[in-house]
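Same order as they appear, the protein sequences are chains A and B. Mapped onto the working numbering, the consecutive letters of the first sequence carry residue numbers 584 to 923. Mapped onto the working numbering, the consecutive letters of the second sequence carry residue numbers 584 to 923.
Honestly, the hints are just simulated from the structure, not real lab data. Glycine included, C-beta positions come from ideal geometry on N, C-alpha and C. Be aware that a few hints might be false.
Unchecked claim - Restraint-style ranges between C-beta atoms, simulated for each label pair: (1) B:E803 - A:E858: 26 to 34 Å; (2) A:E598 - B:E773: 50 to 58 Å; (3) B:G716 - A:Q827: 25 to 33 Å.
There are 2 protein chains.
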Amino acid sequence: MRAVIMHAPGDVRVEEVPDPVIVEPTDAVIRITATCICGSDLWPYRGVQKVDGPTPMGHEYTGVVEEIGSAVSGIKVGDVVVGSFVASDNTCEICRAGYQSRCVHQVMMGSIGTQSEYARVPLADGTLVRVPGEPTPEQARSLLAASDVLGTGWFAAVAADAGPGRSVAVVGDGAVGLLAILAAKRLGAERIIAMSRHADRQELARGFGATDIVAERGDEGVAKVKELTGGLGAHSTVEAVGTQESMMQAIRSTRAGGHVGFVGVAHGVELDGTELFFSSVHLHGGPAPVRRFLPELVDLIMTDRIDPGVVFDLTLPLDKAAEGYKAMDERRATKVLLTV
Amino acid sequence: MRAVIMHAPGDVRVEEVPDPVIVEPTDAVIRITATCICGSDLWPYRGVQKVDGPTPMGHEYTGVVEEIGSAVSGIKVGDVVVGSFVASDNTCEICRAGYQSRCVHQVMMGSIGTQSEYARVPLADGTLVRVPGEPTPEQARSLLAASDVLGTGWFAAVAADAGPGRSVAVVGDGAVGLLAILAAKRLGAERIIAMSRHADRQELARGFGATDIVAERGDEGVAKVKELTGGLGAHSTVEAVGTQESMMQAIRSTRAGGHVGFVGVAHGVELDGTELFFSSVHLHGGPAPVRRFLPELVDLIMTDRIDPGVVFDLTLPLDKAAEGYKAMDERRATKVLLTV
Numbered sequence: 584m585r586a587v588i589m590h591a592p593g594d595v596r597v598e599e600v601p602d603p604v605i606v607e608p609t610d611a612v613i614r615i616t617a618t619c620i621c622g623s624d625l626w627p628y629r630g631v632q633k634v635d636g637p638t639p640m641g642h643e644y645t646g647v648v649e650e651i652g653s654a655v656s657g658i659k660v661g662d663v664v665v666g667s668f669v670a671s672d673n674t675c676e677i678c679r680a681g682y683q684s685r686c687v688h689q690v691m692m693g694s695i696g697t698q699s700e701y702a703r704v705p706l707a708d709g710t711l712v713r714v715p716g717e718p719t720p721e722q723a724r725s726l727l728a729a730s731d732v733l734g735t736g737w738f739a740a741v742a743a744d745a746g747p748g749r750s751v752a753v754v755g756d757g758a759v760g761l762l763a764i765l766a767a768k769r770l771g772a773e774r775i776i777a778m779s780r781h782a783d784r785q786e787l788a789r790g791f792g793a794t795d796i797v798a799e800r801g802d803e804g805v806a807k808v809k810e811l812t813g814g815l816g817a818h819s820t821v822e823a824v825g826t827q828e829s830m831m832q833a834i835r836s837t838r839a840g841g842h843v844g845f846v847g848v849a850h851g852v853e854l855d856g857t858e859l860f861f862s863s864v865h866l867h868g869g870p871a872p873v874r875r876f877l878p879e880l881v882d883l884i885m886t887d888r889i890d891p892g893v894v895f896d897l898t899l900p901l902d903k904a905a906e907g908y909k910a911m912d913e914r915r916a917t918k919v920l921l922t923v
Numbered sequence: 584m585r586a587v588i589m590h591a592p593g594d595v596r597v598e599e600v601p602d603p604v605i606v607e608p609t610d611a612v613i614r615i616t617a618t619c620i621c622g623s624d625l626w627p628y629r630g631v632q633k634v635d636g637p638t639p640m641g642h643e644y645t646g647v648v649e650e651i652g653s654a655v656s657g658i659k660v661g662d663v664v665v666g667s668f669v670a671s672d673n674t675c676e677i678c679r680a681g682y683q684s685r686c687v688h689q690v691m692m693g694s695i696g697t698q699s700e701y702a703r704v705p706l707a708d709g710t711l712v713r714v715p716g717e718p719t720p721e722q723a724r725s726l727l728a729a730s731d732v733l734g735t736g737w738f739a740a741v742a743a744d745a746g747p748g749r750s751v752a753v754v755g756d757g758a759v760g761l762l763a764i765l766a767a768k769r770l771g772a773e774r775i776i777a778m779s780r781h782a783d784r785q786e787l788a789r790g791f792g793a794t795d796i797v798a799e800r801g802d803e804g805v806a807k808v809k810e811l812t813g814g815l816g817a818h819s820t821v822e823a824v825g826t827q828e829s830m831m832q833a834i835r836s837t838r839a840g841g842h843v844g845f846v847g848v849a850h851g852v853e854l855d856g857t858e859l860f861f862s863s864v865h866l867h868g869g870p871a872p873v874r875r876f877l878p879e880l881v882d883l884i885m886t887d888r889i890d891p892g893v894v895f896d897l898t899l900p901l902d903k904a905a906e907g908y909k910a911m912d913e914r915r916a917t918k919v920l921l922t923v
């Protein structure tokens with residue numbers, strides 16, 4: 584089959600590799616119908632994260648079940664499915680508490696790669712969610728978003744305790760931040776403040792439900808959020824970047840007793856204990872347990888109540904993956920969909 | 584009146600100072616009946632925190648209302664009262680959300696001093712809670728504990744989401760840590776792991792409801808907690824020390840999706856963002872909003888359902904405050920009560 588392989592920073596190729604096979608009886612092999620390039624794929628692409636020889640890429644996917652292991656009973660060959668970037672049994676104590684991204688048997692799909700024609704999915708019964716009916720092209724695109732960026736944005740909004748009567752600030756206007764706005768809106772938040780400097784993303788933010796835009800960053804951005812929230816700061820703040828500046832912007836934009844949901848993979852972030860102590864915020868985040876939300880997200884998508892797929896602003900065939908990486912690296916695209 | 588004044592590290596004196604008077608119409612003046620020395624009073628005593636000239640000390644207190652300002656309506660002269668270490672209006676948006684320690688009009692009682700015969704209490708209607716009936720000596724002692732250490736331990740347990748079906752680990756065996764054990768027990772936690780190396784405090788911990796004692800610290804302590812919790816870590820962890828080691832011990836002792844309540848005033852603590860991200864814990868803490876819990880705590884104490892006052896292991900008259908500071912500094916006492 585064809586698969587995207589990263590050889591070195593900036594060197595992404597589509598190559599022939601062996602077809603995946605069932606290894607464990609709990610595995611499934613799926614035919615990928617759509618996959619995409621993640622912001623986190625840019626870390627090795629840019630050389631910030633080490634590339635140890637040729638590496639299969641990708642961890643977001645929708646597909647059709649091609650083959651199942653002998654112990655798989657919840658899905659069958661031919662099912663349209665979506666799963667998260669972490670394979671999980673969905674039965675251990677941690678999964679049952681809603682933290683499938685930290686399942687005691689977790690397998691990172693990124694270690695397998697899904698920017699390819701087929702993929703082996705471990706713990707298939709726990710990992711994959713069946714999609715009812717035949718998705719339209721728009722729904723298919725949105726299901727792919729559910730696999731990571733929507734699920735992650737949704738978790739961030741939940742971790743930030745977004746809901747009715749709450750003011751929600753969102754730091755970061757990438758796909759995850761934008762979809763956290765969509766999530767906050769669905770969760771009932773009244774005031775949603777998008778922190779964004781880009782006109783095109785501001786427009787998407789408004790489309791998803793943002794009521795206010797703050798273009799300022801750092802202390803000025805914090806001051807603006809306070810101004811919009813009676814001087815107190817937001818009840819709920821989503822952090823969807825992962826830098827020192829964005830984390831501090833999120834914490835400082837939040838009122839005492841408020842909640843910060845952080846999902847940007849922290850790179851070089853150090854939090855000062857004394858400042859955190861006196862901030863009196865709730866802080867929660869980490870790799871999003873997307874699986875917790877998938878059944879609800881699939882339902883919302885298949886009944887056309889949300890359309891998160893609009894965050895994909897460039898669609899390319901798998902063979903042109905290198906072009907997709909380049910476009911995202913050069914910020915010409917927010918999120919690239921690869922058709923297979 | 585007589586009051587405890589700190590002149591320099593190690594130099595604590597009881598001196599004559601002017602009696603407090605009503606300054607704002609929302610003030611009350613109370614006659615202090617009992618006060619105590621806080622672990623945080625040791626920071627300036629040990630020279631870790633700067634002492635800027637003669638400083639009135641103390642922020643914990645029970646007393647009897649002596650005089651009220653013209654705008655005070657909720658309490659009257661002669662009422663037995665208890666309040667927290669932060670004066671708060673209890674009506675602002677932050678107070679109503681349960682964060683009275685971050686009231687928009689907050690006044691730190693430590694800036695006024697309560698190790699004295701009398702004290703001015705700002706925002707008296709919001710700050711003071713009336714005690715019904717006449718407390719016994721044991722109840723009076725426990726009410727004083729409610730003013731800070733019990734209220735802080737209680738908040739820590741609530742912030743750690745302690746409750747039925749939860750395993751709770753407590754890092755720190757000072758008065759706050761010990762009373763967090765009492766709180767966790769009252770909140771319904773089944774398994775309570777006290778991390779303590781001192782036989783006398785282990786005994787108090789068991790008396791308050793600890794089911795397990797872990798004497799190990801750091802990585803070994805974390806390993807022990809995991810061993811006791813099916814390899815996963817505690818659902819809920821209380822941090823009641825405030826050092827780098829204790830914070831990391833608390834975070835690492837907690838399972839993915841679990842809650843860390845931290846109330847040790849962080850000194851020189853730096854949290855690594857990447858580790859916090861992948862810990863997947865909820866982190867919440869800060870100066871405890873003791874006022875939120877005071878009515879319930881007063882009720883539990885006055886109906887003899889809890890006896891937190893046993894944490895006081897040395898009682899001295901106010902005049903011997905210097906001896907009390909010395910005893911706590913030299914760890915001969917956990918918590919010193921000063922009778923007035």
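Results of checking the hints against the structure:
no.: 1; hint: B:E803 - A:E858: 26 to 34 Å; verdict: holds (30 Å)
no.: 2; hint: A:E598 - B:E773: 50 to 58 Å; verdict: holds (55 Å)
no.: 3; hint: B:G716 - A:Q827: 25 to 33 Å; verdict: violated (54 Å)
Against the hints set out earlier in the document, a violation occurs for number 3 only.
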